[in-house]
Amino acid sequence: MRDGVPIGLGYFAVSFSLGIMARNIGLTPLQAAVMSILNNASAGEYMGLTMIAAGASYWEMALATFITNARYLLMSCAMSQRMDPATPFRHRLFMSFDITDELFGINIARPGYLNPWYMYGAMVPSIPGWAIGTALGTLAGSLLPLRVVSAFSVALYGMFIAIFIPPARKDRVIAVLVALSFVSSWAFAHLPGISALSDGTRTIILTVALSAGAALLFPRKEAAEG
Amino acid sequence: MKVYLYILVMAGVSYAIRAIPMTVFRKPIKSRFIQSFLFYVPYVTLAVMTFPAILNATQSQISGAAALLVGVAAAWLGADLFKTAVACCAVVFILEFFV
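From first to last, the protein sequence lines stand for chains Y and V. Just so you know, my numbering puts 48 at position 48 of the first sequence, and the rest follows in order with no gaps. Position in the second sequence counted from 1, then plus 226, gives you my numbering.
Quick caveat, the hints were computed from the structure, so don't treat them as lab data. Incorrect hints may appear among the rest.
Below, in silico cross-link-like pairs of lysine-lysine (DSSO-like), each with a Cα-Cα straight-line distance of 27 Å or less [unchecked claim]:
| # | chain 1 | residue 1 | chain 2 | residue 2 |
| --- | --- | --- | --- | --- |
| 1 | Y | Lys221 | Y | Lys170 |
| 2 | V | Lys309 | Y | Lys170 |
| 3 | V | Lys256 | Y | Lys221 |
| 4 | Y | Lys170 | V | Lys256 |
The shape of chain Y in the complex, shown without the other chains:
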């Protein structure tokens, strides 16, 4: 649980900016908190909010959530290989609930089989940190000066940047892919016709196209890593 405390605190700060965004599109603090308790996903919830704002269909929402959270599929695969066969099945169900970038990171970094109780301990500060931060962001967004809100609203992007830059530094294919993503995302936002598509739809199209292209041209040699 001790390892979960800094994660919970970080979640609190970042989810605050998610709350501000939720408020901007008209969610109540309760709705925002429920969303965070049930989802525990920064990019996924961000994507979900843009889909709600765009009035997307439930199918689009499901597809967008799937694409944005697809990395958890990979993490879950990796974690499933590290479970002690003697661990009761129900632990797999409970542990799955809060597979996030950070909790995956600290769990997979420990040697040997995964310990369900280590995971649960880390979840104790993480889940409330994330949910309360979102609710407070939704509440306090209107009380804070504009400049503070403006500053908080980049926290989420800062977290995204911290996820894709370190691997881009180590791997040239990822670096080029990130640069291509920036350029094509910018182009899609400005090209006539395409820019009329919703943010979520453009993100899905670009993610599938660029990732599939990279997978065809530069298949990974090593076994997939988180």
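Since the structure of chain Y is already known, use the hints to place chain V on it.
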């Protein structure tokens, strides 16, 4: 009400993604294409969602651009998730005194 339905759809998909491999796949995925595709997906999604959206998240595009540059620099130099996010916030907070 509609919002709760959206949230339920999100939650259902998010949980399925996390729980299905944990409970079903006891062996590694074999397709190298699927493996590579899944490997690249997070980076592309996050990069696409970050830019150009970060420019419009702040009151002025200049502070958004500065936050992006500082965030990239901080992460490049090894700052973790939390520190990078704080650095981005600080830049915007300070810059918007002036712009």
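Comparing the hints with the structure gives:
no. : hint                 : in the structure
1   : Y:Lys221 to Y:Lys170 : holds (15 Å)
2   : V:Lys309 to Y:Lys170 : holds (20 Å)
3   : V:Lys256 to Y:Lys221 : holds (12 Å)
4   : Y:Lys170 to V:Lys256 : holds (25 Å)
Violated hints: none; the structure is consistent with every hint.
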